[in-house]
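Colleague: Protein chains in written order, with the numbering used here: chain A, 1 to 259; chain B, 1001 to 1288; chain C, 2001 to 2095.
Think of the hints as simulated: they come from the structure by calculation, not from any bench. A portion of the hints provided could be inaccurate.
Claimed, not checked - Derived DEER-like restraints, expressed as beta-carbon distance ranges:
(1) Asp1265(B) <-> Glu2059(C): 35 to 43 Å
(2) His2035(C) <-> Ala1076(B): 51 to 59 Å
(3) Asp1081(B) <-> Leu152(A): 19 to 27 Å
Everything numeric in this text was worked out from a predicted model, so none of it was measured. No residue lacks a Cβ here, since even glycine has one placed at the ideal position from N, Cα and C.
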Amino acid sequence: MITMGIDMGAKTIKVVILKDNEIVAKSIVVAGFEVEKMAKEVIEKAMSEAGVTRGDITKVVSTGAGDKQAPFYDETKSVVGCDSLGAAYIHPAVRCVIDVGAEEGRGMRCDETGKILDFEVNEKCAAGAGAFTEAMSRALEVPLEELGALSLKATEDVPMNAQCTVFAESEVVTMVHNNVPKENMAKAVHDAMASRITSMVRKIGFEKDVVLIGGVAKNVGFVSSLNADLELEVIVPEDPEFVGALGAALAAAGWKGGA
Amino acid sequence: MTEKKELWRWTESRWTNPDIDWKGKLITSGVDVGSVSSQAVILADGELYAYSNMRTGSNSPDSAINAINWAMEDTALTLEDIAYTVGTGYGRVNVPFSQRAITEIACHARGGNHMYGPTVRTILDMGGQDCKAIHCDEKGKVTNFLMNDKCAAGTGRGMEVFADLLGVSINDIGDLSLDVEEEPPPVSSTCVVYAKTEATGLLREGWPTNKVLAAYCSAMAHRIMTLLERIGVEKDFAITGGIAKNSGVVSRLEKDVGIPIMTTDYDTQIAGALGAALFAKALKDKGK
Amino acid sequence: MIANYGYKDGSGDYFITIDTDKCNGCRDCVSACPHGVFDVGPDENDPLSDDEVAFVTEEERKKIKYTCGPCKPTSDRPPLPCVTACKQDAISHSW
Chain A
1 MITMGIDMGA
11 KTIKVVILKD
21 NEIVAKSIVV
31 AGFEVEKMAK
41 EVIEKAMSEA
51 GVTRGDITKV
61 VSTGAGDKQA
71 PFYDETKSVV
81 GCDSLGAAYI
91 HPAVRCVIDV
101 GAEEGRGMRC
111 DETGKILDFE
121 VNEKCAAGAG
131 AFTEAMSRAL
141 EVPLEELGAL
151 SLKATEDVPM
161 NAQCTVFAES
171 EVVTMVHNNV
181 PKENMAKAVH
191 DAMASRITSM
201 VRKIGFEKDV
211 VLIGGVAKNV
221 GFVSSLNADL
231 ELEVIVPEDP
241 EFVGALGAAL
251 AAAGWKGGA
Chain B
1001 MTEKKELWRW
1011 TESRWTNPDI
1021 DWKGKLITSG
1031 VDVGSVSSQA
1041 VILADGELYA
1051 YSNMRTGSNS
1061 PDSAINAINW
1071 AMEDTALTLE
1081 DIAYTVGTGY
1091 GRVNVPFSQR
1101 AITEIACHAR
1111 GGNHMYGPTV
1121 RTILDMGGQD
1131 CKAIHCDEKG
1141 KVTNFLMNDK
1151 CAAGTGRGME
1161 VFADLLGVSI
1171 NDIGDLSLDV
1181 EEEPPPVSST
1191 CVVYAKTEAT
1201 GLLREGWPTN
1211 KVLAAYCSAM
1221 AHRIMTLLER
1231 IGVEKDFAIT
1241 GGIAKNSGVV
1251 SRLEKDVGIP
1261 IMTTDYDTQI
1271 AGALGAALFA
1281 KALKDKGK
Chain C
2001 MIANYGYKDG
2011 SGDYFITIDT
2021 DKCNGCRDCV
2031 SACPHGVFDV
2041 GPDENDPLSD
2051 DEVAFVTEEE
2061 RKKIKYTCGP
2071 CKPTSDRPPL
2081 PCVTACKQDA
2091 ISHSW
């Protein structure tokens, strides 16, 4: 059976195609302002990679902030539901999933089948999402993909007082002006963000193993700050940004855990 | 009223009461060092004598000194003539010539009471980096308050982000936003970062600048309304701070609240410093 | 005075309300809170009064959503320690 999962995220669109619960194709694109056109393109790309046509696909599940904007789908499913399914498939020992995307942060507790026991979402404040690190990379004039590695070189902890992305931008500009080393500022950025995610996760209570997914999981600086804050090592899957789409494709296949 | 023109930012102002001879009178002052603007108010025997309102510089002590010096410019006063100074605002502990620091909440209530008269019960202060809703009694004593300085939505800083995005002077935003044939739906994101993304999308859809501004001013008014609802709005209702000068937000808020907003001839940004100067007088009289 | 400490951001309203007319400055909330959210001192918003009242500390005001998170009653947690500790019934949370 061939199924497809589409994750219509705030910044990127991800597609995963499964054949008998095995990944045969995955594709990602930046959504920009032409969401529907980009969604069509990325779906085409995944289908050609898998060597399938739309007619071959038994079921399509769409998820993400813009789930209903997908060009076609049979069903939509909540992001937390897809996240936990995807995480349980990759790492069955998972009991807590943290998903930090471009505009949303989520924490959920689940069992080995990916069933949600409790969850918490932050979706309307940029300070707890990827948009925060993105804004900080602009303020620091350091490319986003270098911000993580830079923060690992920090020599000193500098406090960041602002809890709002806009105010934090001014604070960073002032720090740049005062010649605070950029690596220390980068760490301050990740520490601040990690402390917000940690509090969110503490609210639902968490157990090991903790799997971190979403685009921000690729930021090694954030991962290091989060590990320090949670006092454990989170597990970051190989393609953390695809886990939601994977979960959607698994949901389409009716996967309920296990091999 | 003399005013310095700054096209790219809000307008600074200063004023001296020509009918007052300060000699032989008790001079007290209040200095409000905010994140964006600083004000100094000078009282002679408790009567408003002079004030200034200018941009905050890179550090609080210099901003406080600049503000008081500008307020004293047309007078023969020197710092030595001031018997008592109270500092307030974000940089209140960094006013070098002050004897005491008092919160903006207390000062805005006291200053609002003086500016708008004893009937004012609700004061909304919309500043550069915060928003305060205050209830006070007929003497200007705080009875209920709420302050939001954590989030840029609903603050002058949020408005600045939009001024930058749309290339419009912050002074013109209000009037431009009212120049629409039909009120557009408000921007749906509260967070300034997301609202900016949303506005960029609207511009791409072909919305003219004033329509986008209308959508943002209206979102800001709604947001402030929900903040006010937490403590309730009692008559009379007055607004202080920089955003009080933004007709686009004020007129929409007036509609949301359903109570007329009081007006004043004073610069609405001096309320905090005025309250501080009044506290300075009270503390001096009490010998504290 | 009804003192609302906290904030409203895109995700919701987070205020701790202290009724300073009820508060007697007993410090029970200070010892009850596991995260040091409260303190007692002169009322900074009533500078002409000498009474000491409880308030939310400056550092915590902008992050109580996060600081108070672990105490928030969920399925298997007891009521908030600060609210329970206050015999004067002066403390409440907005969320």
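Colleague: All hints are to be evaluated individually against the structure, with a verdict given for each.
Modeller: Going down the list of hints, with the structure as the test:
1. Asp1265(B) <-> Glu2059(C): 35 to 43 Å: 40 Å, holds
2. His2035(C) <-> Ala1076(B): 51 to 59 Å: Cβ of His2035(C) to Cβ of Ala1076(B): about 54 Å, so the range 51 to 59 Å holds.
3. Asp1081(B) <-> Leu152(A): 19 to 27 Å: 57 Å, violated
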